[in-house]
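A.B. asks: Letter by letter, the chains look like this.
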Amino acid sequence: MARFLVKRNQKLGTAPGSLVFVGKQRVDKVLLEILSYDKLNIEDKEIENLEELPKLINPKKVSWVNHVGIHDEKAIEKIGGLFDIHPLQLEDILNTTQRPKFVEADGYLFIQIRMLHLKEDNSLYTEQLSIILIDNTLISFQEIPLDVFDPLRERLLRPITKIRHRKNDYLAFAMLDAVVEQYIFIIEKFGERIELLEDQLLQRPEKSHLEQINRYKREINFLRKTVRPVRELVSQFKRSDSPIIEGSTQPYLRDLEEQVVLATEAIELYKDMLNDQLNIYNSGLNNRLNDILRVLTIFSVVFIPLTFLAGIYGTNFEYLPELHYKYSYPIFWGVLILLALGMVMYFKNKKWL
Amino acid sequence: MARFLVKRNQKLGTAPGSLVFVGKQRVDKVLLEILSYDKLNIEDKEIENLEELPKLINPKKVSWVNHVGIHDEKAIEKIGGLFDIHPLQLEDILNTTQRPKFVEADGYLFIQIRMLHLKEDNSLYTEQLSIILIDNTLISFQEIPLDVFDPLRERLLRPITKIRHRKNDYLAFAMLDAVVEQYIFIIEKFGERIELLEDQLLQRPEKSHLEQINRYKREINFLRKTVRPVRELVSQFKRSDSPIIEGSTQPYLRDLEEQVVLATEAIELYKDMLNDQLNIYNSGLNNRLNDILRVLTIFSVVFIPLTFLAGIYGTNFEYLPELHYKYSYPIFWGVLILLALGMVMYFKNKKWL
Amino acid sequence: MARFLVKRNQKLGTAPGSLVFVGKQRVDKVLLEILSYDKLNIEDKEIENLEELPKLINPKKVSWVNHVGIHDEKAIEKIGGLFDIHPLQLEDILNTTQRPKFVEADGYLFIQIRMLHLKEDNSLYTEQLSIILIDNTLISFQEIPLDVFDPLRERLLRPITKIRHRKNDYLAFAMLDAVVEQYIFIIEKFGERIELLEDQLLQRPEKSHLEQINRYKREINFLRKTVRPVRELVSQFKRSDSPIIEGSTQPYLRDLEEQVVLATEAIELYKDMLNDQLNIYNSGLNNRLNDILRVLTIFSVVFIPLTFLAGIYGTNFEYLPELHYKYSYPIFWGVLILLALGMVMYFKNKKWL
Amino acid sequence: MARFLVKRNQKLGTAPGSLVFVGKQRVDKVLLEILSYDKLNIEDKEIENLEELPKLINPKKVSWVNHVGIHDEKAIEKIGGLFDIHPLQLEDILNTTQRPKFVEADGYLFIQIRMLHLKEDNSLYTEQLSIILIDNTLISFQEIPLDVFDPLRERLLRPITKIRHRKNDYLAFAMLDAVVEQYIFIIEKFGERIELLEDQLLQRPEKSHLEQINRYKREINFLRKTVRPVRELVSQFKRSDSPIIEGSTQPYLRDLEEQVVLATEAIELYKDMLNDQLNIYNSGLNNRLNDILRVLTIFSVVFIPLTFLAGIYGTNFEYLPELHYKYSYPIFWGVLILLALGMVMYFKNKKWL
Amino acid sequence: MARFLVKRNQKLGTAPGSLVFVGKQRVDKVLLEILSYDKLNIEDKEIENLEELPKLINPKKVSWVNHVGIHDEKAIEKIGGLFDIHPLQLEDILNTTQRPKFVEADGYLFIQIRMLHLKEDNSLYTEQLSIILIDNTLISFQEIPLDVFDPLRERLLRPITKIRHRKNDYLAFAMLDAVVEQYIFIIEKFGERIELLEDQLLQRPEKSHLEQINRYKREINFLRKTVRPVRELVSQFKRSDSPIIEGSTQPYLRDLEEQVVLATEAIELYKDMLNDQLNIYNSGLNNRLNDILRVLTIFSVVFIPLTFLAGIYGTNFEYLPELHYKYSYPIFWGVLILLALGMVMYFKNKKWL
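Residue numbers (my numbering), protein chains in the order written: chain A, 10 to 362; chain B, 10 to 362; chain C, 10 to 362; chain D, 10 to 362; chain E, 10 to 362.
The hints are simulated quantities; they were obtained by calculation from the structure and are not laboratory data. Nothing here was measured: the structure is a model prediction, and the numbers come from that model. Hints are supplied without guarantee of correctness; some may be wrong.
Identical copies carry no separate label here, and so any pair may be met within one copy or between two of them.
Unchecked claim - Here are the simulated lysine-lysine pairs, BS3-like style, with alpha carbons at most 30 Å apart:
1. K171 / K83
2. K70 / K33
3. K171 / K335
4. K83 / K38
5. K359 / K83
6. K87 / K171
7. K280 / K128
8. K176 / K87
9. K48 / K83
10. K33 / K171
11. K280 / K216
12. K69 / K48
13. K54 / K171
Produce the entire structure from the sequences given, and follow the hints as far as they go.
C.D. replies: Spelled out as structure tokens, the structure:
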């Protein structure tokens, strides 16, 4: 399957806004829970039946409705109906191949972002996170339970934390912040490996380095494709004048935007470094080619005339006077050695030796 | 014929706005049909005589006038006259080499886009689709009957679909959406092949890969040239404040724009990948050159001194004492073997072996 | 003479606005004619004496004053005086090395563009065309009589054409349109050759291809330098709110702008293709180097040990037992053939054969 | 540790705005001093106990509170409390991996910039400088005492200097100016080395040059990453309409911005030069490969036929007439010499010699 | 000394606005003269004592105060005091390493630009020109007397010239125009050489070409650095609404801007051409490597088997029947010739010969 682009609707010609799950099912069963909190209290409840949801939302508290597993088109549709969400957004939630986006719709905000994971073989894959901000409620849709949100949940449960004094827009920020923090963590990991590779390359280029450079390039491209649109997303979030976003959240969004800029700049830098490494690799190859051929040339050039002379005195001409002098053989060796030394001097002079 | 640019008027000096068909005739006979629908009813009718067309358009219903085959300049001119279309737009319809465009003219909207097709040999060709939105009517001009619109027609015929509740602007969106969906389908196909090629290249570069990289590059360039202007087109469509476009169509156009952005980003990515592949190919070639010359050098350098020594004892000097000792021959072999081993050690040391 | 930049005033330190002809004189004698037309009538008259010009201009008709040959500084100055043209524009008219431009001056519009010609050896040269739009008059200055305007003149002479119903701004558009049409014609010609070259390159790179790639690159650069500023020119023409430009000419200018965009995009594309071709050429060279050295290596490696062995048995050691066995010689051949076969197997295995 | 990106909070999932020191502790003990001045007087005082700070600030004088050593999270928090600084800014101060920034917060300005240092091995490292402008006070946070500010302090202590007539905004400018001056000093140092390297490269490329080019590239990238965001910072500082910034400081900020532009332009230029140098290096390698192989080829081609001929007359055919003529041997030498001369002429002709 | 960036204040930590001369003193003694003119009269006077200057300025005439030699910090300071110039501008005047700039200060305009000179060895150096426009006066500061202004002075002295009818803003334009004309003159010179080099390269790449390409690249970079900021400068000059600039000067500034655009476009073009030339050079090297190795391979491959066969019949096996046949020797030659011919045919077939 093409990694960098996957069609949204597997069946050509599906109507836009049709609710079809696109992706791989990652959890057996949809998990739905609600976390309602204000400064004083916090309540956590798993929801078995979607119908109960409206009753559980207390408009005076912030409610975080967390929906894990997005393969159940019916469930998503029902939630869409409860909160009056546009079918296009529901389609986006169901579709795991979306570009990160921020949509300011009638009455709610819709955010989609991709969570990055690093596999053991250094390749990356992503999970999609969709967030809806409506009134005092945040609804999140995850493909699998994401452990990056565990510290967030912990902070929520502790009574004194700042997050409990704030509304759902700050909660959304905190989720995005956790995602971006994970990006930076992964870029840092890649960065370390790329910098290490550079040192190895400069020492001695190996065939395997070409493969590594190329693999890193692919992953960096993947990173870039994932992270770059997030800058736009956060910037739109920040600039939005939706009443859902409180003024006091602005500095946090500004801070988040800076983190994303930092991340994209680092990605560009590592991309450039990998291109440079390919150049170093090739220059290294050329250096070795030079070395190899210098050895061949020196050896050949030194011995070719010697072998030729030996061939001369190996001829069977009847009248070959040198063959019969007594000191011919030692003189012959002397000439050979002088010739060889001359050659060596010549190459020394040329700095080939 | 140059693939990336074809002059509009084959005869130099034709007046702008002249109606001359430019392209290859693709259907024998022009086919004209009208589809009129509202929430309750839908009617499909083939039109034999252009004169009937005005009577068939019911201003209370949405009318889709579909005109297949654009070689008949007279017919196009007549339609232009009926709907009061500017000659420049008629010229564009007749000309199959146009850049995708969105024109907001007096009283109507004009959209032109290129449909992509993938031939069996992985090369691409395009068909032109022109759309006019006027009052409650959509007139489309196709070179051949495009089967990407079959699902659309089916959705129209089914009574309950959203499309039946909407106006001709949504119909235009749905047609563009089908075209863009086809782009993404084709980019995905190319992507798979390019990613496969990368794996093969890293294993062992073959001469045929160079040809493949180059062919893909050409097609990706063609894709890019076709898809990139569509972004501008959709953006202008979205931002237009023409009364023909209803507010409720906006989110769909926004969604469509995102799909086009996704597509262009993927094209850029695959373009970069192909450039990287050319580098990998060349590095692979260099690697093999190194291998070849290492083999040559090792063999030559090991045997050159041995052959020289054999030449020495093949000379016919009368006074060559070594020739006459009893153990000369075995000693000679010993020396040769020691020399050869020394050389091999030397190359092992240099990591050439 | 440097092709891509020529100083305007050959004498350093000339005052700006000085009227000095810069270029090569292309016609013997200045030719001046006036074409006056309205819907009903058209009159063509050669002007012998510049003094008559004002009397010949009928303000109720459109007048096209065509001035061929721009080496006569006096004549240009006189026209400038008659129509009250700023000296800077007169200097521009006299100077054949100008960048295409659109100037909205007090009371008139000034347009300068370069006409492209393709010489038989595939190199390009340009002629400068200057246009002044003032009241109901268009004054054009050409270096030589340009035959691209013949169809335009024919259309003017025919009574029914659209151009006769319009003013001088449409005439200016029609002239620019003819020039841009010629650009596209030339780009198309180049495109065909470049695409052909690509096919040849992929088959077998020849030394001459390097020269061709480079020559095309130079010409494409020249094309680019000529065509790119035209986009800006047309865009300024279109956006100008000068009363000389009628509203009904706008769609034509928009259409012209699109043609220029099409042309510049095609130029960029062919530029990229030529860069790719240089890469293909180099990869092709590397491929051949590999082939050449594979042949050398295989031959050398197969024969080097054989020749060494022959050398061994060519030595004159007295006690060399193998020489005296009866079957030594056939056994020796057997060993040689086995060795050679072994080598060939080895290379087959390595896929070098 | 990755050099180009380091995560802000080492522990994943820390709440934004948490005060955690990120970096290496550089000084043993936090040093806090206050410098209060107006036109007439200046007073310098070390502060032992943070509690005294508010009393020491005289609102009629400019106060420079200098805080050296940022590992003490408690101290930073206390200062934050005293001046009512947003926790996000305090987090930034504690975190040594920030992107340079200018924040216009409620009631104060916050500036962060990186100080560059050149180590003896030509590698770079940075120190972070944070500045808060509030009322008539400037609070600076440094990792270590930075000696670039010594001349600034001297100027402050001298009675007649301009800086004493101005407010804290000018002091902030002066600090940034010192930092940027240091940037330019370092870029100049690198520039000299890079220009020197170019001369060496053109003479004779050495393996070590590849390493040098690459090291410089890395450092130039680091420089670029450090300096580029400063342009934005200074531009925001300049454009800010905060009442803290006086009109008379504007020209200085404009001047500072120009210096940063100068610095970034020079960095880009040296980056390009290093890329060019890699090309020169590779071309130089290719040149040498040509030289090496020309020597090998000439030697081989001259001697191969000679050795072959010697081999012919070394055969033991019984009926080989040439062996028995008296002058065979001298004639043989003559032929060999003629052959060799012919070859040499041939190569001379080909300009290989 | 680094060529592309030099620190403004050689002593680190100097206060901004300090008047320190940075550069090489180019004239022995400061020369100061004043040229006062109006339509009717012009007066030229050398000024010995700065104190006289104010009396010499007649507010009804245009005064051009020309100050040659900028090493005298005191003199500059005094002038600054007389005309009330900001210290930052005085610092800029004294500093010969400034980026071209246009500053609109309180009551005056400040322009700085770099004059280009071409040395005999084709390298470039620059002189700094600073211009202050205040009331009806233009004060220029030059490092040495620049002869590009001689024609300007001549035009001033002639009574009928346009320049005498205009104010100091036109004089400033005329000075900039002379500087830009000199840029174009130099770019044209470089262009001719670069185009010549391309022809030589395509014929036969020489080692010296690599050096030339590189030297031109350096100088083109230097040109670019000098010329590019001038576009911005002229554009700011043109757009300025300072009362010092008269409306009638606008078309001239527009024309000047176009000349600078022309110059920068040509610089970019030659930069690209030099990059292409490096590619041609490398392809040429590769071509020659191919040629060299084709010769080596053909010779080796033809002779290797022949020499081997000669070696076979040079062995001393006792029972080697072929040696004793009468026609062995001629047959042997026949076989050798056939083998050689076969090889030659093979290479002909492969198009290597």
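A.B. asks: For each hint, tell me whether it holds in the structure or not.
C.D. replies: For each hint, the structure was consulted:
no.	hint	result
1	K171 / K83	between (36 Å within a copy, 18 Å between copies)
2	K70 / K33	neither (35 Å within a copy, 42 Å between copies)
3	K171 / K335	neither (106 Å within a copy, 100 Å between copies)
4	K83 / K38	within (13 Å within a copy, 47 Å between copies)
5	K359 / K83	neither (80 Å within a copy, 58 Å between copies)
6	K87 / K171	between (33 Å within a copy, 18 Å between copies)
7	K280 / K128	both (20 Å within a copy, 26 Å between copies)
8	K176 / K87	both (25 Å within a copy, 27 Å between copies)
9	K48 / K83	between (35 Å within a copy, 26 Å between copies)
10	K33 / K171	between (37 Å within a copy, 28 Å between copies)
11	K280 / K216	both (20 Å within a copy, 25 Å between copies)
12	K69 / K48	within (11 Å within a copy, 42 Å between copies)
13	K54 / K171	within (22 Å within a copy, 37 Å between copies)
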